Amino acid sequence: MTATVVTITSGKGGVGKTTTTANLATALAAADQRVVCIDADIGLRNLDVVLGLENRIVYDLVDVVEGRCKLRQAMIKDKRLSDLYLIPAAQTRDKTAVSPEDMVRVVDELRPKFDWIVIDSPAGIERGFRNALAPADIVLIVTNPEVSAVRDADRIIGMAEAEEKDEPKLILNRIRPDMVRRGQMLKAEDVLDVLAIELIGVVPEDEGVLMASNQGVPLALNNRSKAGRAFRDIAKRLMGDEVPMQDFESQDGLFGRLTRLVKAGGQAA
Amino acid sequence: MSTPLAIKGIGDGLLVTVPPGNWSAVRPSILQAIDERADFFRGARLVLQMHDRTLSAADLGGLRDALEVRQIALTGILSTTESTRSAGADLGLALEVPAPAIERADELEPIPTDLQGEEAVLIHRTLRSGQTVRHPGHVIVIGDVNPGAEIVAGGDVVVWGKLRGVVHAGATGDQRAVVCALDLSPTQLRIGSQISVSPERKGKSKPEMAYLRDEQLVAESWKHQ
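Chains A and B supply the protein sequences, listed in that same order. Going letter by letter, the first sequence gives residues 1 to 269 in the working numbering. Going letter by letter, the second sequence gives residues 1 to 225 in the working numbering.
Note that these hints are calculated values from the structure, not bench results. Quantities reported herein were computed from a predicted structural model and do not represent experimental measurements. Heads up, a few of these hints could be off.
Cβ pair distances, simulated, as ranges [said to hold, decoys possible]:
#1 B/Gln194 to A/Glu54: 36 to 46 Å
#2 A/Leu192 to B/Gln49: 55 to 65 Å
#3 B/Glu215 to A/Lys236: 53 to 63 Å
#4 A/Lys236 to B/Ser83: 49 to 59 Å
#5 A/Asp108 to B/Ser83: 31 to 41 Å
#6 B/Gly137 to A/Glu146: 32 to 42 Å
#7 B/Asp12 to A/Glu163: 32 to 42 Å
#8 B/Ser198 to A/Asn223: 26 to 36 Å
#9 B/Gln194 to A/Glu163: 32 to 42 Å
#10 A/Asp241 to B/Ser205: 33 to 43 Å
#11 B/Ile142 to A/Glu146: 50 to 60 Å
#12 B/Gln194 to A/Asp108: 27 to 37 Å
#13 A/Leu192 to B/Arg201: 34 to 44 Å
#14 B/Leu95 to A/Gln73: 31 to 41 Å
Glycine included, C-beta positions come from ideal geometry on N, C-alpha and C.
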């Protein structure tokens, strides 16, 4: 049994890498998988907050790399799920405290004990990104339906190719179905037209994400959240299940149809 | 009557699969099958597929001599058994199917030409954001050129795909340089010292060629004459 290493990256900041990491790790662990996530964003750690584990940190990734503690000691057990662990980033150092070789070594030590190792990459294309990319078996690129985010995603795909990784898979995050329908937002199709890689999930914009992040309770545990469901679907696809994509672009749901009926009625009158 | 042999052409020889069974019975049946088609086999180079059969150097050497009498060269054996492989190696036989014959580079004689500037690079992949290609000759891309990618060519640029990055043809001053693409919508297009941006596209994309006419950049849709 050896873990699959999934690196979540984007190039651009603020597109939802950390949210995606927290939710995929949670969804995988909730599906009885053994999961450890690693925050590779040294100096700007966030994943601990989003997972609600901030107050449990004693040792971090840099302590492990520099030999101040055993790997086991830096692994924080999740509050809710028994098979979910976090290795937090150091907050007081910067990316040069860890090298790509260090990451490969740490990950190789974790591999036999887990099913999934999920790495949250920092934004950018420098050392931190290279650290996160080095041990990856699967690269997941998070992007928003926004030209600048897509441009950066394209750059990252090129760099992953240069490192001879398998073709990355795409998560399109923060889609707003209403705006897509009005033609005010890039569609999944437009994004894929440029990036030309496999789409593994579309996550709708959801106010709950912000609240969940502040409360440290990933949405993937919330059965009523659309974004949470989208993340659970991505986790299932990672595990090899065939899950049809939720269509946020054409289907408008009962409420949408009703509003349109009302609107049409209003215009006719 | 012998059992027919499975024969496959490989490169410059034949791959024959030796049927299973006791070697003392199989050996004569192979030779018999070969003798029945002596004309076909004469002069052939043979590789034998032995699978997991265990054979000594003496077995293989004897077979090689028997084949040699029939003007057939035993050049190799395939086997999964270590002792058979080492026996084959001792006899100087190849242990793998020789790579299929491909045209050797020195056999592809350049054709004499008086055309100028035919130096070109061919890039068979998509150029993504941040990737740059600079070449003093022509540049040919089979794939897309995404926004944020850049091509600078001394000569022409041909893109068999969508051209959406920055492209500069005739960068060393060649005013006759052209840019062709299946979908010509670059972020910026330069030929020689002229710069232009793509007009807003109306309708479906079609193959186009851009060039300089009276020092003006023009793009024309490709019509085959």
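Cross-check of the supplied hints:
1. B/Gln194 to A/Glu54: 36 to 46 Å: violated, 58 Å
2. A/Leu192 to B/Gln49: 55 to 65 Å: Violated, at about 46 Å.
3. B/Glu215 to A/Lys236: 53 to 63 Å: Check passed, 60 Å falls within 53 to 63 Å.
4. A/Lys236 to B/Ser83: 49 to 59 Å: holds, 50 Å
5. A/Asp108 to B/Ser83: 31 to 41 Å: holds, 38 Å
6. B/Gly137 to A/Glu146: 32 to 42 Å: Taking Cβ atoms as reference, B/Gly137 and A/Glu146 lie about 37 Å apart, which means the hint holds.
7. B/Asp12 to A/Glu163: 32 to 42 Å: holds, 40 Å
8. B/Ser198 to A/Asn223: 26 to 36 Å: Violated, since B/Ser198 and A/Asn223 (Cβ atoms, about 47 Å apart) do not stay within the stated range.
9. B/Gln194 to A/Glu163: 32 to 42 Å: The hinted range 32 to 42 Å holds for B/Gln194 and A/Glu163, with Cβ atoms some 38 Å apart.
10. A/Asp241 to B/Ser205: 33 to 43 Å: holds, 37 Å
11. B/Ile142 to A/Glu146: 50 to 60 Å: violated, 29 Å
12. B/Gln194 to A/Asp108: 27 to 37 Å: violated, 55 Å
13. A/Leu192 to B/Arg201: 34 to 44 Å: Violated, at about 18 Å.
14. B/Leu95 to A/Gln73: 31 to 41 Å: violated, 52 Å
Of the numbered hints listed earlier, those contradicted by the structure are 1, 2, 8, 11, 12, 13, 14.
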